[in-house]
Amino acid sequence: MSILEKNTAGNKTSAPSRPGRPFRQRIFGNGLKPGYLTYGLLLAFFLGSAYPLWWSVVVGSRTNEALGLDWPPLLPGGNFWTNVGEVFDTIPFWTALGNSILISTIITVSVVTFSTLAGYAFAKLKFRGNGVLMVAVVATMAIPTQLGIIPLFMVMRTFGWTGEIGAVIIPTLVTAFGVFFMRQYLVDVIPDELIESARMDGANMIRTFWHVALPAAKPAMAILSLFTFMMAWTDFLWPLLVLNADNPTLQTALSQLQSSRYVDYSVVLTGAALATIPLLVLFVLAGKQLISGIMQGAVKG
Amino acid sequence: MDCENVMTVTIKRPAPAAAPPKAKSPLRYRLSSWDLKFSPYLYISPFFLLFALVGLFPLVYTFWVSLHDWHLLKGQGEFIGLGNFATVLQDRFFWNSLGNTMSIFLLSAIPQLIGALFIAAVLDQNLRAKTFWRMSVLLPYVVTPVAVAMIFTNMFGEEQGLINNVLGNFGIDPVNWRTDTLPSHIAIATMVNWRWTGYNALILLAAMQAVPRDIYESAAIDGAGAFRRFFSITLPSIRPTMIFVIITSTIGGLQIFAEPRLFDPTDPGGPQRNFQTTVLYLWEMGFQRNNFGKASAIAWLLFLLIVIIGIVNFSISKRIASADSKKPTNRAQRRAEGKRK
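Just so you know, the protein sequences line up as chains A and B, in that order.
For the first sequence, the numbering used here assigns the number 9 to the initial residue and increments by one for each residue that follows.
For the second sequence, the numbering used here assigns the number 149 to the initial residue and increments by one for each residue that follows.
Please note that a few of the clues may not be correct.
[Said to hold, decoys possible] The calculated lysine-lysine pairs, modelled on DSBU-like cross-linking and capped at a C-alpha distance of 30 Å, are: (1) 296/A <-> 278/B; (2) 134/A <-> 185/B; (3) 226/A <-> 278/B; (4) 185/B <-> 226/A; (5) 226/A <-> 296/A; (6) 134/A <-> 226/A.
Treat the hints as calculated values from the structure; they're not laboratory data.
Fair warning: this is a prediction, and the values are worked out from it, not measured in the lab.
Turn these sequences into a full structure, and let the hints steer you where they fit.
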């Protein structure tokens, strides 16, 4: 611990390196460059992050015998495709994947659209009740969604929507967080003069929104899309309640693998690995944006 | 911007000039002023309408349901006032679930915060391949809670689990990860921690990077050691962000469902309900035992608990903060905060 502190702080202060101690420096780093210890720790974090996923690939490509070994195997086996076939036989994987993509996409489009509109109004337009209504938005952010599942379930059943993916989509069409996030972003990003001059040129409100606010909002919309998509994709409790086993989302379908009477763990982990691939692809493509989104949200929030 | 003023200016401006503009018929003028006045409400109304429907209504209606005998299939029964609340508060399974929730929450929130601070401090250096290391700590976040629960349930298996196998090689007896209370809490907290520590580390890293480096330099010149600098400069400077992390992890931590639900697929919350969380109990009450009235009462009690813990969290972190700011780094800290805004 103290070694690391020295190292970290050494960098921050950019103190001159201690002369005559090259070995120490190589390990602990000097003021400017972190040493082996830092990279060793980072490598350990990486292994800790990746190992459980790798474990699901290792076991998912073997049989249950892999679990009985005293020392866990490190490399995948040759049983992957058999297990994949087993997964496809047990759960409607493709239906579930299609449902998850459809649900998450619709929710994302809806949340981002309505959040941008409302966030823009709160950030840049003057109207009576602006402040009070914004406080209401912030207050609702703290309300846990699970509180409302019972009435929502009753509503869905009354209208006969249980079993339909619409029942999963409707409760999440808007989020208070989205409005808050867009407002925080737009309030700094659009200069008031820009809106004023658009109005001077005779643009009406919606044109002003379209030509001034929307282009400026794009980076934040991308980040909000990523987070909303993740949220919709990972949701479990609500889809579990309103969807049935024939028409599930990926998450509820996966849970069926685990809940069946005879649990074949290698098949369960094949399913977990398969279900992680779509988000892993998204992560490789948009990981940078995800990171900058998290880090921006921190400073602003 | 004051829209009204802009409007009048636009209309009046051509007046001194030669010809009054032919456009701006009264109707058009009226439309334009309506546009100005009502557009903001139009833009925020989808959010508020939908939110009223799917957020506020369920909240209020949950309370209404909780005041009745209410069965999943038979529907609304007698009005019994606070009867459901009274029964729930005397229900030992409810208190059991609260205890489990708190225990799992503490086992996840505290190590998570410390771990995230540590990781953030390591990442807050002049690193090579910065993005790669940041992505590597965020990797678990893209694994969904259901998949996390499945992978870790397997690793924490009692008879043939990775962890017990490895422990066995060192002569340690297998741990009853599922049937014993504390081990099961540790297992579930591990799932939560694995997924969220890196995410929180990035949030804290962002805050650390906003601290101006010259503060550290002058502190070092004044003779402050590395520990001292971390605790007197870094921690107070990132205080608002730490509060943010604590509050979000509280709201999240009190609501975990997928992990305990899937850790034992047959009994909700383990054979002895030894890791049944409150949300899991709510689910069992509503959708296994079909008692909507009692389940709604549980939902409201959980909500109150979240609010109370939120307030406690906030006041504790505030007190810590005010204690910190009496230290000599006060000025530096304020400068750091000013810069961030």
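- Query: What are the numbers of the hints that this structure violates, sorted from low to high?
  - Reply: Of the numbered hints given earlier, the structure breaks none, since each of them holds.
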